[in-house]
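Engineer: Each chain, written out:
Protein chains: 2
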Amino acid sequence: MDKAIGVFDSGIGGLTVLKEIINILPKENTIYLGDTARVPYGIKSSDTVIRYSLENAEFLSSKDIKLLVVACNTASAVGLPALRDKYNLPIIGVIEPGARKAIKVTKRKRVGVIGTERTIKSSAYVNSLKGIDPKIAVVSQACPLFVPLVEEGWTDNDIAFLTAKRYLHALKEANVDTLILGCTHYPLLKDVIGKVLGDEVLLVDSAEETAAEVVGVLRSSNLLKTSNKSAVHEFYVTDAPEKFVEAGIRFLQGTELKNVKKVSIA
Amino acid sequence: MDKAIGVFDSGIGGLTVLKEIINILPKENTIYLGDTARVPYGIKSSDTVIRYSLENAEFLSSKDIKLLVVACNTASAVGLPALRDKYNLPIIGVIEPGARKAIKVTKRKRVGVIGTERTIKSSAYVNSLKGIDPKIAVVSQACPLFVPLVEEGWTDNDIAFLTAKRYLHALKEANVDTLILGCTHYPLLKDVIGKVLGDEVLLVDSAEETAAEVVGVLRSSNLLKTSNKSAVHEFYVTDAPEKFVEAGIRFLQGTELKNVKKVSIA
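Residue numbers (my numbering), protein chains in the order written: chain A, 17 to 282; chain B, 17 to 282.
Take these hints with a grain of salt, some might be off.
Claimed, not checked - Listed below are the simulated EDC-like cross-link pairs for lysine to aspartate or glutamate, each with C-alpha atoms no more than 20 Å apart in a straight line:
1. B/LYS277 with A/ASP63
2. B/LYS278 with A/ASP63
3. A/LYS211 with B/ASP174
Unchecked claim - Some, not all, of what chain A presents toward chain B, calculated at C-beta under 8 Å:
4. LYS60
5. SER61
6. GLU189
7. ALA190
Claimed, not checked - The following label-pair restraints were derived from C-beta to C-beta distances:
8. A/ASP101 with B/ASN173: 56 to 64 Å
9. A/ARG266 with B/ASN173: 26 to 34 Å
10. B/ALA282 with A/ALA153: 38 to 46 Å
11. A/PRO150 with B/ASP207: 44 to 52 Å
12. B/SER78 with A/SER139: 51 to 59 Å
13. A/PRO42 with B/GLU250: 42 to 50 Å
Read the hints as simulated data drawn from the structure, not as lab findings.
Ideal placement from N, C-alpha and C gives every residue a C-beta, glycine not left out.
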């Protein structure tokens with residue numbers, strides 16, 4: 017059916033997930049909401065992140081979407097139960113897909129997880145990994161400066177390297193063979209993280225695996241788009257559309273970022 | 017009179033201003049509001065910062081305050097006209113006091129200004145400085161990573177130093193003799209900024225001068241507290257009171273941080 021796939025994030029980071037969804041499902045219509053007026057979520061309490069997630073979902077659900085993707089690790093880590101309680105449509109977060117992918121690729125069952133303060137405190141990745149394989153060893157680390165570094169565009173200078181070295185020290189010591197990039201901003205720091213940890217550590221981001229889950233759910237629920245109309249991609253933000261377009265290009269790589277409208281949701 | 021002085025900031029930074037107010041006016045009652053659910057303001061649009069400022073003022077004005085201090089550079093830079101239009105009470109921002117102090121201390125009339133992206137884009141400091149002395153030379157620089165560095169507690173390591181070096185390069189080249197720390201978080205980076213610019217550059221923060229203006233306005237309007245009841249200091253935040261208490265201690269230095277309540281203002 018022609019209804020759109022709804023996607024929300026606290027800001028621009030979720031565009032990395034949207035990009036994979038568009039790659040794998042080029043015919044589907046999408047509606048993206050970035051809550052740029054209240055970004056970032058990762059430093060805020062669970063209660064507040066849950067409230068923001070519900071308000072974002074309310075906006076998207078008013079657009080009559082067929083499936084909701086929570087393309088934000090922090091909102092996925094704490095908001096999914098409340099969202100699934102309230103809305104009667106398939107809801108996909110990024111934590112489970114990321115955890116599943118890490119389990120697939122780890123050779124020595126030693127997985128590291130990095131994310132925002134709220135994501136790491138929630139233990140969502142640890143619970144998800146141990147739920148799939150109780151024997152997995154998990155080491156977690158919050159990296160609060162990674163998002164501001166990416167937003168500043170400092171992804172490959174000495175400051176980015178020293179910051180990565182400091183945050184990743186314990187994970188290197190713990191000898192993990194796989195690292196989950198548990199925040200949609202972090203793939204932009206892949207090079208510098210690779211330099212610190214070495215090439216032998218596999219870096220996992222949730223975007224591709226999440227997109228694969230979207231396909232699976234749409235197919236099994238018979239919700240894939242059937243018409244041949246060309247795909248429409250709409251974008252909404254709660255603040256500063258121009259800035260979103262400017263910064264979003266680095267995340268979306270290729271897909272054109274137009275039709276960005278400002279909306280008030282709170 | 018016994019009504020309180022109202023103070024708001026986007027988060028904890030405004031506590032540096034509150035501390036000076038309490039130092040200089042130990043008998044006065046104060047009510048502080050930190051908008052921790054929507055922090056930071058410095059990366060958001062003027063429209064959104066104005067809306068948040070009006071909502072913060074609305075909350076404090078419902079507590080029947082006698083004077084309002086906007087203890088946030090970003091909100092002062094863009095929100096004062098709208099606040100003064102709406103509320104019939106004295107309103108003091110931090111930009112004018114900071115600019116006045118810089119004019120007082122500069123020897124060669126070469127002043128640097130650092131602040132958030134929004135504060136620098138607003139040109140509020142440049143306008144204020146030139147309004148007092150049109151011959152002053154001003155060089156401005158946004159420093160988006162300074163707030164996250166302070167929030168992370170990284171105020172004196174190699175990363176803080178390299179970041180300061182990068183941001184302050186143009187100011188050093190411009191040979192300023194005075195630097196306005198145009199964000200309430202920045203005084204916590206004084207050491208590292210001093211190391212980069214050298215001891216001969218005077219660092220100006222608005223807190224003391226703003227507190228002096230509060231005294232002046234209360235006295236001239238005959239609003240100073242007359243009773244001998246001991247001072248009451250109330251604190252409200254829009255998210256995560258525990259975190260506010262934990263981080264606030266570094267800003268408030270001495271004054272006890274208790275009676276922190278969570279409120280919903282939007």
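Engineer: Cβ-Cβ distance between B/SER78 and A/SER139: within 51 to 59 Å?
Structural biologist: violated (39 Å)
Engineer: Under 8 Å, Cβ to Cβ, is where A/GLU189 needs to be relative to chain B, so tell me if that hint holds or is violated.
Structural biologist: violated (19 Å)
Engineer: Below or equal to 20 Å on CA atoms is what counts here, so check A/LYS211 against B/ASP174.
Structural biologist: At roughly 19 Å apart (the allowed maximum being 20 Å), B/ASP174 and A/LYS211 satisfy the hint.
Engineer: Look at the Cβ atoms of A/ARG266 and B/ASN173 and judge whether their distance stays inside 26 to 34 Å.
Structural biologist: holds (28 Å)
Engineer: Between B/LYS278 and A/ASP63, does the CA-CA distance stay at or below 20 Å?
Structural biologist: holds (12 Å)
Engineer: Would the hint on A/ALA190 be counted as holding, given a Cβ-Cβ threshold of 8 Å to chain B?
Structural biologist: violated (22 Å)
Engineer: I want to verify a distance hint. Is the separation of the beta carbons of A/ASP101 and B/ASN173 within 56 to 64 Å?
Structural biologist: violated (44 Å)
Engineer: Given a hint of 38 to 46 Å, does the C-beta separation of B/ALA282 and A/ALA153 actually sit inside it?
Structural biologist: Hint holds: Cβ distance 43 Å, inside 38 to 46 Å.
Engineer: With a cut-off of 8 Å on the beta carbons, see whether A/LYS60 makes it to chain B.
Structural biologist: holds (5 Å)
Engineer: Minimum Cβ distance from A/SER61 to chain B below 8 Å?
Structural biologist: Because about 4 Å separates A/SER61 from the closest Cβ in chain B, which is inside the 8 Å limit, the hint holds.
Engineer: Between A/PRO42 and B/GLU250, does the beta-carbon spacing fit 42 to 50 Å?
Structural biologist: violated (56 Å)
Engineer: Please test the hint of 44 to 52 Å on the beta carbon pair from A/PRO150 and B/ASP207.
Structural biologist: Roughly 48 Å apart at Cβ, these two residues keep to the hinted range, so it holds.
Violated hints, in rising order: 6, 7, 8, 12 and 13; the structure is consistent with all others.
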